[in-house]
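Colleague: Each chain, written out:
Number of protein chains: 6
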Amino acid sequence: MFLNMNLFADACSSFEEAEFVLYGVPFDATSSYRKGSKWAPLEMRKASYNFETYNGDLDVDLADVPIHDMGDCDVCCAVDDTLNEVYDVASSIVKAKKIPIMMGGEHSLTYPCVKAYKEKIGFVVMDAHYDLREEYEGVRNSHACVSRHIIDDITDKYVSIGIRSGPKEEYEYVKKNKKIRSYTANDVDGMGIDRILNETETYLKDCDRIYLSLDMDAIDPAYAPGLGTPEPFGMTPRQVRSVIRRLAPKTVGFDVVEISPEYDQGITAQLGAKLIRDFIAAKWKSMQKI
Amino acid sequence: MFLNMNLFADACSSFEEAEFVLYGVPFDATSSYRKGSKWAPLEMRKASYNFETYNGDLDVDLADVPIHDMGDCDVCCAVDDTLNEVYDVASSIVKAKKIPIMMGGEHSLTYPCVKAYKEKIGFVVMDAHYDLREEYEGVRNSHACVSRHIIDDITDKYVSIGIRSGPKEEYEYVKKNKKIRSYTANDVDGMGIDRILNETETYLKDCDRIYLSLDMDAIDPAYAPGLGTPEPFGMTPRQVRSVIRRLAPKTVGFDVVEISPEYDQGITAQLGAKLIRDFIAAKWKSMQKI
Amino acid sequence: MFLNMNLFADACSSFEEAEFVLYGVPFDATSSYRKGSKWAPLEMRKASYNFETYNGDLDVDLADVPIHDMGDCDVCCAVDDTLNEVYDVASSIVKAKKIPIMMGGEHSLTYPCVKAYKEKIGFVVMDAHYDLREEYEGVRNSHACVSRHIIDDITDKYVSIGIRSGPKEEYEYVKKNKKIRSYTANDVDGMGIDRILNETETYLKDCDRIYLSLDMDAIDPAYAPGLGTPEPFGMTPRQVRSVIRRLAPKTVGFDVVEISPEYDQGITAQLGAKLIRDFIAAKWKSMQKI
Amino acid sequence: MFLNMNLFADACSSFEEAEFVLYGVPFDATSSYRKGSKWAPLEMRKASYNFETYNGDLDVDLADVPIHDMGDCDVCCAVDDTLNEVYDVASSIVKAKKIPIMMGGEHSLTYPCVKAYKEKIGFVVMDAHYDLREEYEGVRNSHACVSRHIIDDITDKYVSIGIRSGPKEEYEYVKKNKKIRSYTANDVDGMGIDRILNETETYLKDCDRIYLSLDMDAIDPAYAPGLGTPEPFGMTPRQVRSVIRRLAPKTVGFDVVEISPEYDQGITAQLGAKLIRDFIAAKWKSMQKI
Amino acid sequence: MFLNMNLFADACSSFEEAEFVLYGVPFDATSSYRKGSKWAPLEMRKASYNFETYNGDLDVDLADVPIHDMGDCDVCCAVDDTLNEVYDVASSIVKAKKIPIMMGGEHSLTYPCVKAYKEKIGFVVMDAHYDLREEYEGVRNSHACVSRHIIDDITDKYVSIGIRSGPKEEYEYVKKNKKIRSYTANDVDGMGIDRILNETETYLKDCDRIYLSLDMDAIDPAYAPGLGTPEPFGMTPRQVRSVIRRLAPKTVGFDVVEISPEYDQGITAQLGAKLIRDFIAAKWKSMQKI
Amino acid sequence: MFLNMNLFADACSSFEEAEFVLYGVPFDATSSYRKGSKWAPLEMRKASYNFETYNGDLDVDLADVPIHDMGDCDVCCAVDDTLNEVYDVASSIVKAKKIPIMMGGEHSLTYPCVKAYKEKIGFVVMDAHYDLREEYEGVRNSHACVSRHIIDDITDKYVSIGIRSGPKEEYEYVKKNKKIRSYTANDVDGMGIDRILNETETYLKDCDRIYLSLDMDAIDPAYAPGLGTPEPFGMTPRQVRSVIRRLAPKTVGFDVVEISPEYDQGITAQLGAKLIRDFIAAKWKSMQKI
Ligand SMILES: [Mn+2]
Ligand SMILES: [Mn+2]
Ligand SMILES: [Mn+2]
Ligand SMILES: [Mn+2]
Ligand SMILES: [Mn+2]
Ligand SMILES: [Mn+2]
Ligand SMILES: [Mn+2]
Ligand SMILES: [Mn+2]
Ligand SMILES: [Mn+2]
Ligand SMILES: [Mn+2]
Ligand SMILES: [Mn+2]
Ligand SMILES: [Mn+2]
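Residue numbers (this note's numbering), protein chains in the order written: chain S, 93 to 382; chain R, 93 to 382; chain P, 93 to 382; chain B, 93 to 382; chain H, 93 to 382; chain D, 93 to 382.
There could be a bad hint or two in this list.
It does not matter which identical chain is meant; a pair holds if it fits inside one copy or across any two.
As the list claims (entries may be wrong) - Subject to a maximum C-alpha distance of 25 Å in a straight line, what follows is the list of computed SDA-like cross-link-like pairs (lysine to any residue):
| id | residue 1 | residue 2 |
| --- | --- | --- |
| 1 | Lys342 | Asp172 |
| 2 | Lys268 | Asp153 |
| 3 | Lys260 | Gln380 |
| 4 | Lys260 | Glu111 |
| 5 | Lys260 | Lys381 |
It should be emphasised that the hints constitute simulated quantities derived from the structure, not laboratory data. From a predicted model like this one, the values you see are computed outputs, not experimental measurements.
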């Protein structure tokens, strides 16, 4: 008889039964320009009730998919302690052979989520920003450094899509670093997302498993105004959805980060919740075929 | 010397003189997720003063068109009573051989507007949602059921455009029901709106008269964030305008519904008001040619 | 390790252990002017994390008090069905000899909360409005009728405080009905809240148990702007707190209703959450003394 | 059957039948700090539907009072042209021996409202600002000069209440000008509003008729945040209501100006509408006694 | 050690050293529908800190470009006095052979900026509105007349892009006036921005110098909701950026006007600041090649 | 001719000439519940232009007072580095025998401001919270610990006013620590602010110099809703003004902290700016008498 509107809609399974395990991390302490991504897990859960359980494009009903929402991860004031907490949670989900879906919070939280996989993993990130600094304002685990540390510490099978911001050093780092791939927002506009996804699949063909991270500022501020560091000239939601649907079969972990819900009246959290639901449906569909 | 900013701009004619009769219905009681469409008639009227009287695309000056604004229809707490009120108003306008334009309020209000026509009529609706349930949460006349009751009770010449949400039953209902036509938002994106309109015109060629309903959530939330049930991946305003301009010659009744103006700072009501103005100009132009 | 920010802060006990049982009812369908009280349970829970666990005035630490949060009651579109749900929940808490605290939603929800007590109970309500109509816009169980039905059906030991709005019939009903007591906001201003509470205690001296209902519009809109039907010239939060602290010893059920959190940026939900916390502390303190 | 929510609630009489004639003036061109009072007539009308028709304090039902709402006065870009328009409207109402109630718009609009009376009239204004400059930023008819021009051109029976802002010259002007009376917000706090009203009545005892103007920034920003030039340490709504009720018997014209409704979510316009309703009730009651 | 966040980011040069000189003009007195562009300089400066100094598309680092921010121009209540002030400021920058960048404020401010050039200059404006009236509501220097006065008084080498609003007279004026060029938003959509820019370059081939003015309402309200007179069916930010980058080499003065930052939560001011930064980078790059 | 609206109004003197030196510190990294005090210096400067230069209560014209605004202090991501920066700035002002006025930013910034004085100093703080923890969430220099570190490291002549929140340990710390004084918001309500100020002056009679810190959450959220950690039942602005005026003669440093301007539409920053202006006027007046 009781319904807690603040668990993600259709997350009605226990941890044990679930294939997908959602959790939030209300942490935004290293954010630089505008803060507030700590409120995003709450707002994405609330927004999830706006949508039908059925996904007509993919013919998947989320009411039939075993999903669990663990609630919010305990956060600390210090970023390193919080990353350790997230690492423990992510690891426990990965160990249980379930698919973790992290709702940030800021982008630095992605690092422990990727770290939680023991075997080789490809990493695909949609972002307006390179996030390739070694440290930012003296903080190593800043949200502005997450891609760099993932490349340095975890995997060199790295693809970024939607990039349109960074200092000159980051642009040069990408040019020099031949192992990784990066597509700017101009590339998305010029080449089309399908050709980029073809190239991405070829590049990642040796990876059995992909981690997919969505920094919502990859999307144009018209569609996603509720952001900490909005950047004009971005991707459309359809392009982002194409990436999610195409990569879902290999994807074993997903996150949506950097939504600051206080800077709009709901549409960014709604889009984030919708893209999570679309990822679950696409992944579930691919799992059924096997 | 006196101007009431709260009648629709350029609605300076008496009921008797008018060819177009506007009225509002500030009713949102069956809305499920976010409410507030009761404020939309007031905000669309206010927004209408932002625009020039002249429509340069169509070379029509609304200052020259006989338009009347009746004000707001008296609403009741119970949806059925309100629908009866709307039916009486719509009928009186239809009987007077004028073109009613209803400013909602929620989508359930469209039913009595269509019912008011005595002869056979085609029905075209732009919407993100099928609205094909027989009842929703125990309420038959819910905004989530309006298309179904129109098909069942009034006309089987039915076209929906922009659809991207519904339970599985609604998708199956559409597949099985060969008499009606439905185009998803993906169809709009893939086929182009012009091809869809060609098909629609062919399908409706036996209808002399069309009723056209615009649930504003057909439009992408980037352009129309002020909605009760926003749904990403929607139509563009240009696509919606194409539908309106193409179908205007046959259209004998029009409505704009489901704007919740408290969820943005004006752009959705402005777009709604603009589309009403564009409909009037396009219809008036077609009337002059005859 | 996991914390769900969306259960009320410090509600860490199981139902069985708890002395206080919180639940939300996200229902606002009969609201007349501005809607949105359906979001109040979510926002009061969020706001509850702004406060310390310790209440220095009363020397009670909520971390030491056994509190349970059941989540949100399942709501229906129809008011009568929702009231039945609330009745079942409230009854189950009362039967378990715990103190229910209902977070509305609209004021009509108070009726089943009071009905849930089997023995005679006094009823004290703070409200700007009499809510003494027999029906409103054709709806019997409207939020505008709740006090009337409680008097008619449940108890004639009735006190209202803070009243400053109603049709003439309600003012006359109160004058004629000698059994009940009513204090206007002018009375609060003129007599002082302490004298009113003295009179109230005398009037209720035969009641062992009181139900206390707080319609937040009792409070002045300066302190509580996030309301469905704001009414100027209201009570101060200190006056409301005095009522709560004075009556807590006898109070066996409490609710906070009619907050519409979309009409401010947090202060009304924060005040509502704070007053719930103050009620719990005051009641718990009185329970320790026995 | 039709109701235009955008005429003031209960303004159901024709001009001829009415004793009270409301009109709006959506003009804010000389406002200096924050603009937007042009939207106040619309928002006060909307807010007026939040309130009961019956005033329990005064035992007057506005449904029984003959009130007319003329709509909005035509405004021009140039302040002088707009003041001429207002003068014509106000004069026509005064000539018809009805009581004009002007909903601004900015404070400069009060000048033609007072000018419309042919015989000697007392002028009482509640305001945070002296408005005693001869001109402001080169504009004679600025909202910052309205009191000065009324004293210079129309009447030296002048009382201001709630003052707490002005350049030194204005403070000295008041000290030197022994004919007029001025009470600061500190006076209101220290002397009490009743003593000030006693003095005011004595001072105005030779005036048969008073014009009463309410610049809403007289009120503290906690109660009235939606203002162009908010000034802390202001009057309470109860104090303002005392002035209105006490002076209503002699008052033959009233206005509420300087609300900027875009700077809050409704409470200032609601308070403005409520105070208009209270003035009408108090005045009507005094008229019935004669 | 001190940083004033309210000077435009990277504007670290003195006036003498600078090649680019920014200044704001917080003036919006002739705005007709919604006001508030007076706050745009402040908000664009604030927004400028959201962006990296490096422009990866153009390989220009703004930290290396000599930019000066003069602060805000002193504004008067009367439009003519303000235009004189702007003329003096713009002239002093032009005389010093630097590139002025004016941050409005309303569009009327562009007139003195163009007037400041002594030799023949081409004028390109992006706008939703023709702004070709001779006067508007009795005011000659209204924001609705700026293009007309520039054509009449300063230069007949005139191109407008993005137009979709105007009275019939303005459409006819453009048709008759063969010397000027105008491209509607429909043209942009139909011809593509590149073909329009080809034609524009040909048309302006005899002009050595161009002044470029960006009325932000040229852009669709989805991307730029914070506007005084939003007009649906507008240009995309990418199209605007194409115009800026293509014309930058010849451009010797630039402005961004008509942002009303109170009508959104930052994205319009952010886009305005970004486009200013893009203009500086594109112009600087072209200057380096010479 | 140029005016930068973003320096505090009337801060027209050079550092050398000035007696009062304002600076902002846009830092909020340790804030726990709601962030955003980093924007407060910008918004208080903007708000300062709403007010007259003349203070009629005190007969001081700020245009005649030598005030300098240094702009914003450079902030770092790490709190300790930022406190060092603030210490350097504050020390340089103190050394120059001027009165520093710091606009926060969060309350932790007060510590280096007080530390900057070399001789014994009394410390008076208005706050809802004790801020007496030794560390908060692992951070020593948290805004929740500022009072404790000032007592432990700098001065035991300590008075807090307006307190109504803290863990039990803080309440006990105050009870045990007989050297310091603390007045709760209940004390302010019960004793009156004047009696508290009498006691405070007696307690501080041996201190020649006082540092005065205003955490804006001392004030009730009705008057100051734009806060990081709003706490109901607070002080009125008049009570705060009484403290400022009474203590100004001995006060040699002042700050206003913890305003989060994104949580209201201006009134908290306006009140903060007004109180700074009132402090300057009161202090200047006391300096003239000597
Ligand atoms: Mn990122
Ligand atoms: Mn990013
Ligand atoms: Mn619909
Ligand atoms: Mn829909
Ligand atoms: Mn009630
Ligand atoms: Mn009520
Ligand atoms: Mn005034
Ligand atoms: Mn004023
Ligand atoms: Mn323009
Ligand atoms: Mn324009
Ligand atoms: Mn503090
Ligand atoms: Mn505090």
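Colleague: Could you run down the list of hints and mark each one as holding or not?
Modeller: To see whether the hints hold, each was checked on the structure:
no. : hint            : in the structure
1   : Lys342 - Asp172 : neither (29 Å within a copy, 44 Å between copies)
2   : Lys268 - Asp153 : between (45 Å within a copy, 19 Å between copies)
3   : Lys260 - Gln380 : between (45 Å within a copy, 18 Å between copies)
4   : Lys260 - Glu111 : between (42 Å within a copy, 22 Å between copies)
5   : Lys260 - Lys381 : between (45 Å within a copy, 20 Å between copies)
The earlier numbered hint that this structure contradicts is number 1, and it is the only one.
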